[in-house]
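Could you put together the complete structure from these sequences and hints?
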Amino acid sequence: MKKFDEIVFRIWIVNLIIFICSVLLVYTLFYQSTLKGWYLVVPVIVMIIVYYGSFYIVLHQWLTKPITELTNIAYRFSQNDFENNYDFDSVDEFSQLGLAMNKLGKSLLITRIANHDKQEVLGHILESLQTAVILFSTEYSIPISNTAGDVLLERWQISSSGESIHGLPMDLDEKLKKVFETQETLQYSISVNEHPYVISMLPMYHENQVTVRGVLMIAHDVTEQENLDKMRSIFISNVSHDLRTPLTMIKGYSEAIMDDLAETREEKNEMAAIINDEVSEMMRIVNSLIELSKVQGGMLELNRSEITPEDFVEHVVKRFRRLIEDEGIQLTIDIDPKVKMLNIDEDKMHQVVFNLLDNAIRYVLVNGKETKEITISVYDDILINKTVIKITDNAKGIVKEDLPFVFERFYKADKVRGREKKIGLGIGLSIVKSVVEQHDGQVAVESVEGEGTSFIIKLPKAII
1 MKKFDEIVFR
11 IWIVNLIIFI
21 CSVLLVYTLF
31 YQSTLKGWYL
41 VVPVIVMIIV
51 YYGSFYIVLH
61 QWLTKPITEL
71 TNIAYRFSQN
81 DFENNYDFDS
91 VDEFSQLGLA
101 MNKLGKSLLI
111 TRIANHDKQE
121 VLGHILESLQ
131 TAVILFSTEY
141 SIPISNTAGD
151 VLLERWQISS
161 SGESIHGLPM
171 DLDEKLKKVF
181 ETQETLQYSI
191 SVNEHPYVIS
201 MLPMYHENQV
211 TVRGVLMIAH
221 DVTEQENLDK
231 MRSIFISNVS
241 HDLRTPLTMI
251 KGYSEAIMDD
261 LAETREEKNE
271 MAAIINDEVS
281 EMMRIVNSLI
291 ELSKVQGGML
301 ELNRSEITPE
311 DFVEHVVKRF
321 RRLIEDEGIQ
331 LTIDIDPKVK
341 MLNIDEDKMH
351 QVVFNLLDNA
361 IRYVLVNGKE
371 TKEITISVYD
381 DILINKTVIK
391 ITDNAKGIVK
401 EDLPFVFERF
411 YKADKVRGRE
421 KKIGLGIGLS
431 IVKSVVEQHD
441 GQVAVESVEG
451 EGTSFIIKLP
461 KAII
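For the record, in the sequence shown the residue sitting at position 308 is 308 according to full-length UniProt numbering, with numbers rising by one throughout.
Keep in mind the hints are simulated off the structure, nothing from the lab.
Be aware that a few hints might be false.
[Said to hold, decoys possible] Dumping the calculated DMTMM-like pairs for lysine to aspartate or glutamate here, alpha-carbon to alpha-carbon at most 25 angstroms:
no.: 1; residue 1: Lys348; residue 2: Glu281
no.: 2; residue 1: Lys318; residue 2: Glu267
no.: 3; residue 1: Lys340; residue 2: Glu306
[To be verified] Simulated DEER-style distance windows between Cβ atoms:
no.: 4; residue 1: Glu327; residue 2: His195; range: 38 to 46 angstroms
no.: 5; residue 1: Lys65; residue 2: Ala114; range: 30 to 38 angstroms
no.: 6; residue 1: Ala444; residue 2: Ile236; range: 25 to 33 angstroms
no.: 7; residue 1: Lys106; residue 2: Lys65; range: 18 to 26 angstroms
no.: 8; residue 1: Glu446; residue 2: Leu261; range: 47 to 55 angstroms
no.: 9; residue 1: Ala444; residue 2: Ser200; range: 33 to 41 angstroms
From the three backbone atoms N, C-alpha and C, an ideal C-beta is built for every residue, glycine too.
Below you can see the structure in the form of structure tokens.
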């Protein structure tokens with residue numbers, strides 16, 4: 001506004017000079033006719049000063065002030081401050097311009113709020129992604145990186161502080177340079193600290209769509225996917241092996257019966273019993289697969305009822321009673337009398353405890369120890385207000401590294417607990433976990449290698 005004030009002042013000076021010259025001219029002409037003309041000049045000069053002073057004030061009020069206010073509003077707009085409006089009390093060009101500025105401010109305010117909301121939503125989406133998203137600028141700084149991206153950068157030992165980065169890993173540096181030079185999308189796989197990634201690099205352009213302003217890296221951590229693929233391969237191999245063995249036995253003994261190789265009735269009955277056992281083993285495998293399918297499909301429904309812990313445990317144990325006695329297993333059942341009832345789906349929870357007890361028996365039989373011990377405990381944990389069912393064995397235990405994975409599908413910790421017997425497909429414990437969680441409970445495992453393992457089921461207490 002200083003420039004405009006200067007222009008107005010100059011206009012005022014020019015008008016003043018012109019008016020003074022006019023007065024002097026009048027005075028000269030008048031002086032030639034009378035000596036009293038000088039006394040008329042002073043009032044005229046005073047009138048000139050008053051007139052032009054008033055002219056400057058009016059000019060400032062009508063022209064300088066509104067332009068100053070509009071300029072200040074425009075300056076605030078440039079600083080993203082759209083809250084100020086131009087107040088006008090007249091209908092002229094400035095009021096029309098002020099009205100347009102007010103509408104512009106409201107429009108910019110709405111746009112800013114919309115952009116802020118959009119950026120906030122995009123920011124939340126970016127942070128929630130499990131995929132690493134990193135933007136590299138032409139100066140090799142990192143203006144954008146989400147949480148997963150920070151994890152990848154940390155594995156690369158790169159800081160995401162926004163400053164230019166030096167000493168990038170050679171493979172990353174080469175790939176970035178290639179994208180900057182060729183301006184083409186690049187995809188490749190890499191392992192970073194034993195974590196496999198599938199990486200895509202895309203060039204980011206300026207508005208002219210010609211100059212590259214950065215490279216956007218999108219990296220998928222496929223560790224879990226690769227582990228699952230390996231587990232599935234192992235699972236298919238286990239299914240093939242576990243089905244092939246009983247089928248071979250069934251085929252062999254059935255052919256022996258048909259060919260009358262069994263000379264006595266006792267031999268035929270023995271072969272038939274073996275066939276029956278192998279069919280039962282196959283049915284167990286198929287039932288496990290069906291249960292897994294139900295769990296994955298979310299079709300597991302509960303039919304809760306109340307049952308005493310003594311009856312529940314007895315129903316499970318009686319199916320193993322003969323095997324336990326024949327193998328000399330010391331089974332201890334410890335039920336706290338304070339636990340009056342269990343509120344469970346008896347069939348589903350029966351399967352859970354059956355699987356855990358079956359595993360315990362299988363593993364104590366191959367532990368190489370003189371005594372084979374299994375304990376089933378039922379008690380209330382007052383600290384967490386839960387009823388606990390605990391199955392403990394004194395088998396070889398599970399190594400510490402395997403403990404976090406025992407409830408994952410297809411996972412089998414056979415390298416510690418032995419392969420001498422048929423151990424199963426690696427899906428039983430995942431079904432156990434799903435059924436317990438359907439009961440609003442939790443299941444955990446505690447194990448000391450060489451000493452034994454405990455599976456702990458925590459269920460909501462029955463309301464009596």
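Consistency of the hints with the structure:
no., hint, in the structure
1, Lys348 <-> Glu281, "holds (20 angstroms)"
2, Lys318 <-> Glu267, "violated (28 angstroms)"
3, Lys340 <-> Glu306, "holds (10 angstroms)"
4, Glu327 <-> His195: 38 to 46 angstroms, "holds (45 angstroms)"
5, Lys65 <-> Ala114: 30 to 38 angstroms, "holds (34 angstroms)"
6, Ala444 <-> Ile236: 25 to 33 angstroms, "holds (29 angstroms)"
7, Lys106 <-> Lys65: 18 to 26 angstroms, "holds (23 angstroms)"
8, Glu446 <-> Leu261: 47 to 55 angstroms, "holds (50 angstroms)"
9, Ala444 <-> Ser200: 33 to 41 angstroms, "holds (40 angstroms)"
In summary, the structure is inconsistent with hint 2 from the numbered list given earlier, while agreeing with all the others.
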